[in-house]
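J.: One-letter residues, chain by chain:
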Amino acid sequence: MSGVSSRARQWTRPPVLIKSDRLRWSIYAGALIYLVLAISSVDINPARIYEGLERGWRFVQGFLVPDFTSRWSDIQQGFIESLSMTLTATVAGVLISVPIGIGAARNISPTAVYLVCRTIIALSRSLQEIIVAILFVAMFGFGPFAGFLTLSFATIGFLAKLLAEDIEDIDESQTEAIRATGASWTQLINYAVQPQVMPRLIGLSLYRLDINFRESAVIGIVGAGGIGATLNTAIDRYEYDSAGAILILIILIVMAAEYSSGYVRKWVQ
Amino acid sequence: MPVIVRGNGKTWQKRASARQWSIWFGWLLLAALTVYCWQVMTKDTIWAFVQDAPRQAADLASRMVPPRWSYIDKLLWPLWDTINIATLGTLLGILFAVPVAFMAARNTTPSRTLVRPVALFIIVASRSINSLIWALLLVAVIGPGVLAGILAIGFRSIGFVAKLLYEAIEEIDETQVEAISATGASRAQIIDYAIVPQVLPAFCGISVFRWDINIRESTILGLVGAGGIGLQLQASLNVLAWPQVTLIFLVILATVFVSEWVSAKVRQAII
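Chains as they are written, first to last, in my numbering: chain H, 1 to 269; chain G, 270 to 540.
There may be inaccurate statements among the hints.
[What the hints assert, rightly or not] Derived DEER-like restraints, expressed as beta-carbon distance ranges:
no.: 1; chain 1: G; residue 1: Gln467; chain 2: H; residue 2: Ser173; range: 30 to 38 Å
no.: 2; chain 1: H; residue 1: Pro199; chain 2: G; residue 2: Leu509; range: 43 to 51 Å
no.: 3; chain 1: H; residue 1: Asp74; chain 2: G; residue 2: Glu443; range: 49 to 57 Å
[Claimed, not checked] Covered, in the sense of this in silico footprint (three residues per stretch, anywhere, with C-beta under 8 Å from a C-beta of chain H), are these stretches of chain G:
no.: 4; stretch: 390-398
no.: 5; stretch: 520-529
These are computed hints drawn from the structure, not numbers from a lab.
Even glycine gets a Cβ: it sits at the ideal position worked out from N, Cα and C.
Using the sequences and the hints, build the whole thing.
T.: Take a look at the structure:
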């Protein structure tokens with residue numbers, strides 16, 4: 001008991017995380033100064049907020065009493081675009097990221113290939129979806145095709161990195177056993193690596209499918225097709241009940257995807 | 270290990286044939302669905318534009334370099350705003366996420382039938398809506414500016430932090446809770462002395478991780494008017510000032526890189 005003082009015989013709690021008193025207090029002081037500076041630089045316009053409250057209330061009402069019917073054809077079109085974009089982009093992304101992931105695993109590929117693949121992964125991961133979408137829309141024109149390319153590109157960085165890390169973590173004794181039978185490199189991948197990483201690869205692909213759907217709702221804002229464009233239009237027109245309907249559908253689809261991917265993962269493993 | 274008699278010899282196969290066929294059928298179904306989706310998606314695609322893309326890309330690249338370096342002094346203030354949006358938004362999110370997490374965890378929730386479903390719904394709703402969409406809504410409601418960005422980041426962070434935190438709370442060592450409650454501690458004291466010390470490192474890790482993600486997301490919130498460096502991006506895109514766009518991309522990349530480095534260092538120090 002470090003905190004028992006002899007006079008009061010009272011137990012005081014030892015400090016958490018940071019042991020040194022001086023460092024702890026200087027961190028607290030620094031944080032306080034930053035907070036004051038940061039909050040004071042936020043300009044809040046109370047009149048505008050007050051004015052917006054009525055609109056906010058209308059939005060809450062729109063969310064509680066959503067209007068699915070009056071813009072149904074637009075909403076349907078948006079969701080069809082989003083879902084088809086999501087699936088094709090995930091499949092294309094997985095197909096491309098498997099060879100890149102294998103190439104980026106240090107234990108099974110030569111250094112030159114390793115470096116090239118790691119560069120591709122770093123490039124794909126450091127650029128955000130929205131920025132990539134802006135560039136692809138400028139190159140390929142508006143519409144879901146640019147969205148498809150964006151999501152595929154983002155999938156590559158995510159999946160290839162996690163797959164490569166997974167391959168680096170595999171049980172080496174199995175590769176050794178397969179190698180001892182005189183197997184070629186492709187046989188080595190097929191019989192020693194693939195069975196070990198397949199369940200996780202499927203799990204990751206499903207997770208990425210889920211992420212891609214959520215992202216597809218966003219990249220529409222910059223013109224890359226999908227439900228985001230519909231949502232943006234609905235909010236611009238102040239049709240909060242239609243926007244509420246779209247948001248509820250997004251939440252339901254994400255929930256459904258999360259539950260079903262849990263089942264598929266259990267079934268695969 | 271199924272062995273199949275084929276002709277006069279036995280052949281080893283990886284799987285029994287019924288399972289083999291069902292797996293094969295599953296892949297066929299996936300392939301068919303993908304092809305169908307591809308057709309639906311590309312129905313309205315104008316292929317002339319796609320064929321034209323390499324030329325467009327070259328054109329764009331020639332416009333984008335060199336970046337307009339002198340624009341940097343107009344970016345410093347928005348950058349400060351961006352960092353504030355991310356930091357204050359994360360703090361706001363944490364503030365709401367902690368009670369939600371305690372309400373959602375099976376072992377600390379006040380009521381499993383009433384409170385827990387509500388907390389789980391808050392988590393799902395906040396998680397499935399991207400911060401850019403939150404910003405879109407909030408800009409419409411409370412007007413453009415940094416405040417909308419902070420609230421958007423905060424709302425999005427609630428679900429993320431609360432989900433990871435409640436999972437951490439559910440995984441704690443129950444014997445410590447038992448030991449504290451054996452001393453006659455109240456509910457609040459049990460949470461304070463038995464649960465909080467166990468989840469604190471995980472909580473700090475999650476918060477820093479979310480802060481890092483929020484820096485990333487707050488750089489683009491300005492596209493819908495929610496303040497930060499994204500406003501400058503939107504303004505430059507609208508007037509097709511590609512050299513400025515390049516510089517903004519570089520600044521965003523550098524910021525993201527620094528925040529990732531900071532978060533990795535802090536998490537290393539904590540865990």
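J.: Using the Cβ atoms, figure out if H/Asp74 sits within 49 to 57 Å of G/Glu443.
T.: holds (52 Å)
J.: So is the stretch 390-398 of chain G in contact with chain H by the C-beta rule, three or more residues under 8 Å, or is the coverage claim wrong?
T.: Answer holds; 5 residues pass the 8 Å Cβ test.
J.: Check, residue by residue, whether the stretch 520-529 of chain G contains three or more positions whose beta-carbon lies closer than 8 Å to a beta-carbon of chain H, and give the verdict.
T.: Since 4 is at least three, the answer is holds.
J.: A range of 43 to 51 Å was offered for this pair. Does it hold for the Cβ distance of H/Pro199 and G/Leu509?
T.: Taking Cβ atoms as reference, H/Pro199 and G/Leu509 lie about 48 Å apart, which means the hint holds.
J.: Quick check: does the Cβ-Cβ distance between G/Gln467 and H/Ser173 fall within 30 to 38 Å?
T.: holds (36 Å)
Of the numbered hints listed earlier, not one is contradicted by the structure.
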